[in-house]
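Protein chains: 2
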Amino acid sequence: MPRPVKFFYDLLSTHSRALYMFFEATKIPYDPIPVCATKGEHLADGYKEYVTRFQQVPSIIDDGFKLSSGVTILKYLIREKLIPEHWYPRDTKLRAQIDEYLEWQADNSSKVFNTFVVQQKYPEEVRRDQRTVGERVQEYRQLVDSNLNQLERDWIVPGRFIVGDRITIADILAACEVEQPKIVGVDPFEGRPKLAAWLEKVRYTMTPYYQEAHQDFYKFTEKVALKN
Amino acid sequence: MPRPVKFFYDLLSTHSRALYMFFEATKIPYDPIPVCATKGEHLADGYKEYVTRFQQVPSIIDDGFKLSSGVTILKYLIREKLIPEHWYPRDTKLRAQIDEYLEWQADNSSKVFNTFVVQQKYPEEVRRDQRTVGERVQEYRQLVDSNLNQLERDWIVPGRFIVGDRITIADILAACEVEQPKIVGVDPFEGRPKLAAWLEKVRYTMTPYYQEAHQDFYKFTEKVALKN
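Here the protein sequences come in this chain order: S and Y.
Going by my numbering, 188 is the number at position 188 of the first sequence; the sequence numbering is gapless.
Going by my numbering, 12 is the number at position 12 of the second sequence; the sequence numbering is gapless.
One chain only, chain S, in its complex shape:
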């Protein structure tokens, strides 16, 4: 019996949610180890030494091999474990299209959607920023809107998944990211029926793992919304 993969995650992080769903749906034996990033647990010395020098979630340790970063971990698991073909098909053109989406996401929406997380990494930048929190949220919302419009226009085809007719890693990574702007009270689906229908398809396909992965996140966004 292979030893279960140690999985370090925080379900407020988009990549952690995607990986949680992936572990559950594929039945890869794993050992879930929650890490509370909002409390800074990923910055502790022990985490740095024992888990990852990059001090981030998600991370895994697979039989002693340490690996960080969500997309990297997904692709590693796909190579190493018994995983249904549809998640990342061997067909070289389909695979290229999935990679193309993931690179688009890394270069576009994830730069914008996770701005608030990035700014925690560069606190000096926030202090130097002369805009009020209201102005920053306003600007963030405009950038999120423009990115969501682009996502719907360039990537979503009614009745299909992002690449082809079966769910792939592109869909679960995209879905978790699209949920993220709820943190500042943006409803990503308002006025975007194609995007909403696609998300519903992903959610339905990933039931009950989608709901499990998102329940704490939804509670968090509700709490933040009440504050505003």
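FYI, nobody ran anything at the bench for these hints, they're computed from the structure.
The model shown is predicted, which means the values in this text are computed figures rather than measured ones.
No false leads were slipped in.
Cut-off 25 Å, straight-line C-alpha distance, at most; resulting in silico cross-link-like pairs (DMTMM-like, lysine to aspartate or glutamate): (1) S:K6 <-> Y:D91; (2) S:K111 <-> Y:E152; (3) S:K111 <-> S:E190; (4) Y:K27 <-> Y:D91; (5) Y:K93 <-> S:D31; (6) S:K66 <-> Y:D91; (7) S:K182 <-> S:D216; (8) Y:K6 <-> Y:E212; (9) Y:K111 <-> S:D145; (10) Y:K48 <-> S:D154; (11) Y:K111 <-> S:E135; (12) S:K81 <-> S:D165; (13) S:K182 <-> S:E222; (14) S:K93 <-> S:E152; (15) S:K111 <-> Y:E135; (16) S:K39 <-> S:D216; (17) S:K66 <-> Y:D165; (18) S:K93 <-> Y:E85; (19) Y:K93 <-> S:E80; (20) Y:K27 <-> Y:E212; (21) Y:K66 <-> S:D91; (22) Y:K219 <-> Y:E190; (23) Y:K93 <-> S:D91; (24) Y:K93 <-> S:D63; (25) Y:K66 <-> S:D165; (26) S:K27 <-> S:E212; (27) S:K93 <-> Y:D31; (28) S:K223 <-> S:E41; (29) Y:K27 <-> Y:E200; (30) Y:K194 <-> S:E49; (31) S:K81 <-> Y:E80; (32) S:K48 <-> Y:D154; (33) Y:K6 <-> S:D91; (34) Y:K111 <-> S:E139; (35) Y:K182 <-> Y:E41; (36) Y:K93 <-> S:E49; (37) Y:K111 <-> S:E179.
On the provided structure of chain S, position chain Y as indicated by the hints.
Leaving out everything else, chain Y in the frame of chain S:
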């Protein structure tokens, strides 16, 4: 004989330079088609329709198959063409480490180093920004410094390439990116002997393609430096 890959590029773009070197070093038959992004040639309707709906460089068309985004294209070529193993080894752990570096780069340095490019995409954001150009360059330099320090500390081991003893796609993508801050007059190697020695190793290994890929870029940075 396979038809040559149509390669659309602008050597001021980091990923275009990396791909240029890769095509040259691997001897994949290709048809170079320069696109001047600073003149907006990638935004023309014909480019959108004929080459890529994402209106970006680098892009390729391989026997009718259209593909954009630098890392995606590199990995597609590695699957499709006859390429020496060392560029992206089949060993699953080495491959995971290369992916881990590339994801780190996409999440960190490329978000920062290409800020000026990103800001051209969101001109409203720049207009709303109340800081002067001088202040923005100053802030950019601080972020670049912090990223370069992290790169040297976490990824560079003297005498080695980023992953292992042979050059991989991680090295050429990293090298082209490290050159980028020269646009605002930052010398990335000042005070960073490990980084400088590694870059020298990459440059030497990639001679004369490295120099060919960078000659226009160096002229451009010199022109910009004279303006400041």
